[in-house]
Amino acid sequence: MSLFALRDHLKQVKMASLATLCANFQSEPDTLRGMLAHWIRKGVIRQVMPARVCKTCNACGQCAIEIYEWAST
Amino acid sequence: MKCCLDVLPTFSGPRLKIALVGNPNVGKTTLFNALTGSCQKIGNWPGVTVERKSGFFQFDETLVEVVDLPGTYSLVTTPDMSSVDEQIVCDFMLHQSVDLIVNVIDASHLERNLYLTTQLLEMQLPMVVAVNKADQASVSQLHIAYDVLSKRLGVPVVSLAAKSGEGIDALKQLMKSTPYIVSHAACLPSFMNSREMKEWAASIQSASYPYWFAIRLLENDTLVSEKVSEVIRSEAHGLQHTIQTNYHEEADSLIAEARYQFIQETLKECLSKEVQKTTWTDRIDRIVLNRFLGIPLFLLMMYGLFFLAITLGGWAQKELDYFSNRLLVEGVSSLLMQIHAPLSVVTLFANGIGKGICTTITFIPVMAMMFFLLAFLEESGYMTRAAFVIDRVMQLLGLPGKSFVPMMIGFGCNVPAVMASRTLENKRDRILTIMMMPFMSCGARLAIYSAFVAAFFPTEGHNVVFALYLIGISVAMLTGWMLRKTLLQGKPAPLVMEMPSYQWPTFKTLLKQAGRRLNSFIMRAGKLLIPICVLLGFLNTMMLGKSDTSLLSWIGQSMTPIFAPMGIHADNWPATVGLLTGVLAKEVVIGSLNTLYSQMAHWTGSVSTLSYSAYGVMYQHFEGAIGAFAYLLFVLLYFPCLSTVSAVSQELHRGWAYFSVFWSTVLAYCVAVSFYQLATVYLHPFSSCMWLVLMGTVIGLIVAGIRLVSVKQQAKWVPLPEGT
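Line by line, the protein sequences are chains S and Y. All letters in the first sequence, in the order written, are residues 0 to 72 by numbering that gives the first Met the number 0. All letters in the second sequence, in the order written, are residues 0 to 723 by numbering that gives the first Met the number 0.
Just chain S, with the same shape it has in the complex (with noise of 0.2 Å):
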């Protein structure tokens, strides 16, 4: 697992959840946010906020779904 290739996963499908990742690099969802924060630090990943539209609406109780996207362009 490194840093490095964890960017370069996220430029390359330039969308995932924390559970994708831990899943595809075998890691602790602690340790990527560790890693995911050195990035979003750099402006090259940012953190989706999902809650963009059912800000209002909690129904699925699935609005902590922890999304991460490229950001760098």
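By construction, these hints were calculated from the structure, which means they are not laboratory data. A few of these clues could be false.
Simulated pairs of lysine to aspartate or glutamate, EDC-like, Cα-Cα distance not exceeding 20 Å [what the hints assert, rightly or not]: (1) 41(S) with 650(Y); (2) 10(S) with 256(Y); (3) 267(Y) with 27(S); (4) 426(Y) with 68(S); (5) 426(Y) with 65(S); (6) 10(S) with 249(Y); (7) 272(Y) with 27(S).
Partner residues aside, some chain S positions facing chain Y, computed with beta carbon under 8 Å [unchecked claim]: (8) 0; (9) 1; (10) 2; (11) 3; (12) 7; (13) 29; (14) 30; (15) 33; (16) 34; (17) 37; (18) 40; (19) 66.
Glycine included, every Cβ here is placed at the ideal spot set by N, Cα and C.
Position chain Y against the provided structure of chain S, taking the given hints into account.
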């Protein structure tokens, strides 16, 4: 025994100052309390409102001051991204002199926690690593070789369970022994050990820890940048540029990567997890994930869910409906009549607001039951398995297995289901999934089903609802399959997901989750239902000229012939109005029907059991169970609510939103009409056959049109010559 705070001013023996540093939630405060007991001083960190805790304890002849620093993940500060806690810790490390750092780490999250440890090691200060929650790690079968970890880090490591006090004495002994001065560079990239770098680091005269300052400057740390001269800053920029040219990556990323590599190598050597041979999860999974039993078990689970929700929830629904109508509609109405309130006021409060609240209240039992059972399936870990089981069917149809997760979310609300499709990496898979979502029976549709089954299917309600859910899933899959074969050709991405262990959810967790969903559903439904009921109530009292036809009934009656082939006759115009208002939000359908049928009941004179007569009037106007099921089929499939259309438009493109509206509405009409005509074919065989042929032709023509567009699209793609 005297408290250390009392002896503090006069104490003349040896003193030691230690700082507890670690990530949030690693148990620093528990350790702090275990070390200092009641000898604590609480204040604020300068300039901020973050609590500053320091405490004292006496060990042998030494008075030890302990500072509990806020939890932080990193020591690097950046202008926008760093939290106040991070800045406090960095500032403390820069300005306060401590004799020893106790780095507290969580034994169950070593990989994340050790990142801060590597940054602390770079400071080359006396340090001890305290691996807390070691007892929990043992329970999770995690084995840590502390001696190996200590050797790798170059500092003493002690195993702790601060909550029970285990290991505290060993930690105190380590504090007193000759502190280690670490000289560690294994976790840094090779360029940091070059002669040029060492010379430059040595030239940073103003720094207390020049080498550490050099690393921080290369990481663009703002706090450290402020401490050095402009010359040093420009030299740092120059070095960053050189490193990027030589290594094709930025210096800070290379430094972070080196730390992660060091951590992973360390963990490989000192961490092992005992794999249990056969767990309960494995045993259950052998049945649940079985190739032949998986799907029948999934269907059985869903059937059980609807059986319990409709049977138990439906019983409570009837009672609640009766009492709420008595109180809020009849009660309010008779009260207002007694005080001779004008008819418009009675209409507003009793038939508008009262009826709106009643309709909202009646949803509660079925929805609560449904959300509770769904929460149980999710929390127990079954839903993840369901996704895996359904993936096999999805793969057969060329659909991505990952679509199942948004589909399950769609049972709550279609809007977040559309948004959850973002997790699909492949754009074609994403479009396909979003197009499938509006066919999932959301909570609002369940409210409509539950009202209809109470009126038309009193004993077989759960079977009808189960069938509707399955039809929804099937239509969604067929839509996906049709798009995969035409506009969105390609191979689905494989489903990779981690299976959590099964767990027995606590009643409190289930109540909390179901309550949260129910609350937001009721709030949303209530906000829409009450104004719509008021509006419909008024429109239905506005008569056209001197006739006895209201404006609303005129609108409804003029549109009803469109729905005649699916069994809605001219006198059942409220059903048409319900469908029209349902475009806004599906919750509104049942509110509209309740208001309009109640008024019809009122006009026919059966006021005594108002709500039941609303159901009674509804029963009289539909063609029994066949007509009601055809109507429910239309409600299941037609026009997604405006919020869903907006979400589709935002996530994809307006064109796809229009397509979703067109496809779902045409499909709903064709399916509902086909069902009704098939079910009543014995009454009018010729016209039924004609309708069936017509509906089949319409669907066929649309699919052919979509295929034509897809062929034209493919013809536009000119393949590149080989070798390019």
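Hint check:
At roughly 26 Å between alpha-carbon atoms, residue 41(S) and residue 650(Y) are farther apart than 20 Å, so this suggested pair is violated. A hinted pair counts as satisfied when its Cα atoms are at most 20 Å apart, and residue 10(S) with residue 256(Y) qualifies at roughly 17 Å. Using a Cα cut-off of 20 Å, the hinted pair residue 267(Y) and residue 27(S) holds, with the two alpha carbons roughly 15 Å apart. At most 20 Å may separate the alpha-carbon atoms for a hinted pair to count; residue 426(Y) and residue 68(S) meet this at roughly 13 Å.
A C-alpha spacing of about 19 Å is found between residue 426(Y) and residue 65(S), which places the hinted pair at or below 20 Å, so the restraint holds. At roughly 17 Å between alpha-carbon atoms, residue 10(S) and residue 249(Y) fall within 20 Å of each other, so this suggested pair holds. For a cut-off of 20 Å, the pair hint linking residue 272(Y) to residue 27(S) stands: about 14 Å separates their Cα positions. Evaluation of the residue 0(S) hint against chain Y yields a held restraint, the C-beta minimum of about 7 Å falling below 8 Å.
For the restraint placing residue 1(S) at the interface with chain Y, the shortest Cβ-Cβ distance is roughly 6 Å, inside the 8 Å limit, so the hint holds. The closest approach between the C-beta of residue 2(S) and any C-beta of chain Y is roughly 4 Å, which is under the 8 Å cut-off, so the hint is satisfied. Interface restraint check: residue 3(S) against chain Y, minimum CB-CB distance 6 Å, threshold 8 Å, status holds. The beta carbon of residue 7(S) comes no nearer than 11 Å to any beta carbon in chain Y, farther than 8 Å, and the hint placing it at the interface is violated.
Using the Cβ-Cβ criterion of 8 Å, the hint placing residue 29(S) at the interface with chain Y is satisfied: the shortest such distance is roughly 4 Å. The beta carbon of residue 30(S) is positioned within 8 Å of a beta carbon in chain Y (closest approach about 4 Å), and the interface hint is therefore held. The criterion of a C-beta within 8 Å of any C-beta in chain Y is met by residue 33(S), whose closest approach is roughly 5 Å, and the hint holds. About 7 Å separates the beta-carbon of residue 34(S) from the nearest beta-carbon of chain Y, less than 8 Å, and the hint is met.
With 8 Å as the threshold, the beta carbon of residue 37(S) comes within range of chain Y, its nearest partner Cβ sitting at about 5 Å, so the hint holds. A distance limit of 8 Å between C-beta atoms decides the matter here; for residue 40(S) the minimum to chain Y is near 5 Å, and the interface restraint holds. With its C-beta approaching chain Y no nearer than about 6 Å, residue 66(S) sits inside the 8 Å limit, and its interface hint holds.
The structure shown violates the earlier hints numbered 1 and 12.
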